[in-house]
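If you're matching them up, the sequences are chains A and B in order. Here the numbering used here is used: the first residue of the first sequence is -10, the next is one more, and so on. Here the numbering used here is used: the first residue of the second sequence is 6, the next is one more, and so on.
Just so you know, the hints here were simulated from the structure itself, not pulled from any lab data. Backbone N, C-alpha and C define an ideal beta-carbon position, used for all residues, glycine too. Mixed in with the good hints, there may be bad ones.
Stated by the list, open to error - Residues from chain B that keep clear of chain A, each with C-beta distances beyond 10 Å, as calculated:
(1) 91
(2) 93
(3) 166
(4) 168
(5) 180
(6) 202
(7) 214
(8) 282
To be verified - Partial selection, computed: residues in chain A whose CB lies under 8 Å from chain B:
(9) 42
(10) 53
(11) 133
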Amino acid sequence: MTYTIILNSPEETEVLAATLADLLEPGDLLTLEGDLGAGKTTFTKGLAKGLEIQRMVNSPTFTILKQYSGRLELNHFDVYRLENSDEDIGFDEFFSSEAVSVVEWARFIEDYLPKERLEITINRQSEQGRKLTLHPIGRRYEKICRELNL
Amino acid sequence: MNKDIYILGIETSCDETAASVVKNGTEIISNVVASQIESHKRFGGVVPEIASRHHVEQITLVIEEALQLANMEPHRLDAVAVTEGPGLVGALLIGVNAAKAFAFAHQLPLVGVHHIAGHIYANRLEQEMEFPLLALVISGGHTELIYMKEHGDFTVIGETRDDAAGEAYDKVARTLNLPYPGGPHIDRLAHAADKAVTFPRIWLEEGSYDFSFSGLKSSVLNYMHNAAQRGEEVAPAHVAAGFQNSVVEVVTGKTMRAAEEYEVRQVIAAGGVAANKGLRHSLEAAFKAKGIPFYIPSLPLCTDNAAMIAAAGTIMYEKGLYGTMAMNGRPGMPLMSWI
């Protein structure tokens, strides 16, 4: 089962992500796929707002991981730079922690990802418009998608 | 006359393995940098796995060389300063552990330095700092405006809300099929361009000192995308020039406005993107016109190095801000004042 949502602006992306954040529990894992400029960081900023994180959430491309504290802890990964690499920076430990994890360009670390997760794909429809596809794997994530009432 | 202070600096937060001996926080005795840019070129970016392995291979050699060039016996050192964060976790760990081992073996104090504080203090190796001071730190991982009332006092008054400037440069360079690192190639193309595409200037809300480069990156991608759909040829130089013009205008504008509002006595730029010719010329011209002293360290001190870590570490050492053997690499370390 997949869910599709059309979003007309970056603001709508942020609002949807913040709504999703309300449904998250410790240890949840979201993966984000989408081309450069699709809005993966925008989505994560919305999610962080929903998690009541006050600090500036900006691109973790350079350091691969940035960590934040709010209602829940958030691990924001961008593994863009792990393409052509099989480095394990200790993913297991991060994914089994109490923090919510968001992974941009998750396919570059496929081998280290737990099976159960919420896969989110952002596709560019127009300059502002995006199509968001949610693919829940596992009961926990199917429940989140149902609760989103899409 | 106070005794001279000699600090060994170690830096491994990204792709340079570096060690340096600095005297009194102002004088470089030795400065050794082993860069990995060559080995990252074929992947179009830093590969952290390779970065960590290179650091492991290089770190003891680099430290030994720094000590040898400085003709410095470990027992004559006063402390070891190391980049504690932010950076790549695997890379930071190697520097931190080398520093801990060295400090423990030679019974020296250990000082953990924030990478950005290091970039700012690089300036002190060439030019004494004058406060209040404004620092523009602009690199692959950072774009920040930092106000300093005095040594060790940092207030971040603006930062990027999305991509760092250098990251935007690398990503735009990648879409233009330019080699890594992309910044110098865009700079060079922009310099030689006879025309520039007009891209938006992202100023954000009035009065904000924050930056945003993601929207500019998207504009460039949209431009390329639209041209491809119409089957038009894109002139990479025109795109490079348009992109660079937008970055330079916004960065210069915000830095200038902050310098005036905070009435600083000195403005310094630091970080790899500070080496960009277009940005450098624009900042120099703007501050010259306003009569505000403006400095950019020479290129080897703009990019990552360990002398800057030793320079910042010297002041922390003087303040007695020592770390413990429990020190760890902190990938997301925030910039905090030392006071």
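Going down the list of hints, with the structure as the test:
{"no.": "1", "hint": "91", "verdict": "6 Å, violated"}
{"no.": "2", "hint": "93", "verdict": "6 Å, violated"}
{"no.": "3", "hint": "166", "verdict": "6 Å, violated"}
{"no.": "4", "hint": "168", "verdict": "5 Å, violated"}
{"no.": "5", "hint": "180", "verdict": "7 Å, violated"}
{"no.": "6", "hint": "202", "verdict": "16 Å, holds"}
{"no.": "7", "hint": "214", "verdict": "12 Å, holds"}
{"no.": "8", "hint": "282", "verdict": "22 Å, holds"}
{"no.": "9", "hint": "42", "verdict": "12 Å, violated"}
{"no.": "10", "hint": "53", "verdict": "6 Å, holds"}
{"no.": "11", "hint": "133", "verdict": "26 Å, violated"}
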